Amino acid sequence: GQQVMQIPQYQHVQEGEDFTTYCNSSTTLSNIQWYKQRPGGHPVFLIQLVKSGEVKKQKRLTFQFGEAKKNSSLHITATQTTDVGTYFCAGPFSAGGTSYGKLTFGQGTILTVHP
Amino acid sequence: DGGITQSPKYLFRKEGQNVTLSCEQNLNHDAMYWYRQDPGQGLRLIYYSQIVNDFQKGDIAEGYSVSREKKESFPLTVTSAQKNPTAFYLCASRTDRAANTEAFFGQGTRLTVV
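Quick mapping for you: the protein sequence lines, in order, are chains A and B. Here the numbering used here = 1-based position in the first sequence + 921. Here the numbering used here = 1-based position in the second sequence + 8.
Hints were generated in silico from the structure; no laboratory data involved. Source: prediction; values computed, not measured. Glycine included, every Cβ here is placed at the ideal spot set by N, Cα and C. Careful, some of the hints might be misleading.
Unchecked claim - Counterexamples of contact, computed for chain A against chain B with all Cβ distances above 10 Å:
1) N945
2) S947
3) N952
4) Q985
5) G987
6) E988
7) K1023
8) P1036
Claimed, not checked - Selected chain A positions facing chain B (Cβ under 8 Å, derived; list incomplete):
9) P960
10) H963
11) P964
12) Q969
13) F1009
14) L1024
15) T1025
16) F1026
17) G1027
18) I1031
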């Protein structure tokens, strides 16, 4: 099975509050990607992180890749109702054997925002 | 208009029947993927293909089969051996089979087995 844990599974916030989801791997990752899936929709790519300690920002979203390249986080500042959806991390996670070309997703964090 | 197309959007089948889900892309991507998503759950990898005429099992391949005879097409067959086939199925593709590019998803097929 997968060697990545994404937490929390659910997060309910009031509009304007911050939100963070974490992705933790038992092995070092070559890269990690983040996707957002709106309710009833399909996942859409947000960003990819490759370098150790990398931090990238997209407006109110901040993405980090850990120094050891084993964990990553997505932080949303001052959530809005448009942020509702499920956020996934994804990467060449593998329980064993080659992970070349494989794209495996974390369990996802379902975010609900109360206006 | 480039993209990845899954059809049909909704599919109903009787228990014990095989069913094939279509996935076509005109993005000239090498790699293609099939995922299963259950309500409130994440995406679980069924099969993936990095090049024509080659594919690998994902984490939950039992009860499924695929083929990759053309670069543009990666159909998924849900066989009668799949014990709980009702789910949302997503197909994805990406250009780089070396795993450093974003994946593009189709709209998904919601399969209901009765």
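Results of checking the hints against the structure:
1. N945: holds (14 Å)
2. S947: holds (15 Å)
3. N952: Per Cβ check, N952/A is inside 10 Å of chain B; nearest 6 Å; violated.
4. Q985: For Q985/A, whose nearest Cβ neighbour in chain B is about 19 Å away, the distance exceeds 10 Å, so it holds.
5. G987: holds (18 Å)
6. E988: holds (20 Å)
7. K1023: violated (6 Å)
8. P1036: The assertion about P1036/A holds, with a minimum of 22 Å to chain B.
9. P960: violated (11 Å)
10. H963: Holds: closest Cβ of chain B sits about 4 Å from H963/A, inside 8 Å.
11. P964: holds (5 Å)
12. Q969: Constraint on Q969/A satisfied, holds at 7 Å.
13. F1009: Hint holds; F1009/A Cβ to chain B Cβ min 7 Å, cut 8 Å.
14. L1024: holds (6 Å)
15. T1025: Holds, about 5 Å.
16. F1026: Check passed: Cβ of F1026/A comes within 4 Å of chain B, closer than 8 Å.
17. G1027: holds (6 Å)
18. I1031: Hint holds; I1031/A Cβ to chain B Cβ min 7 Å, cut 8 Å.
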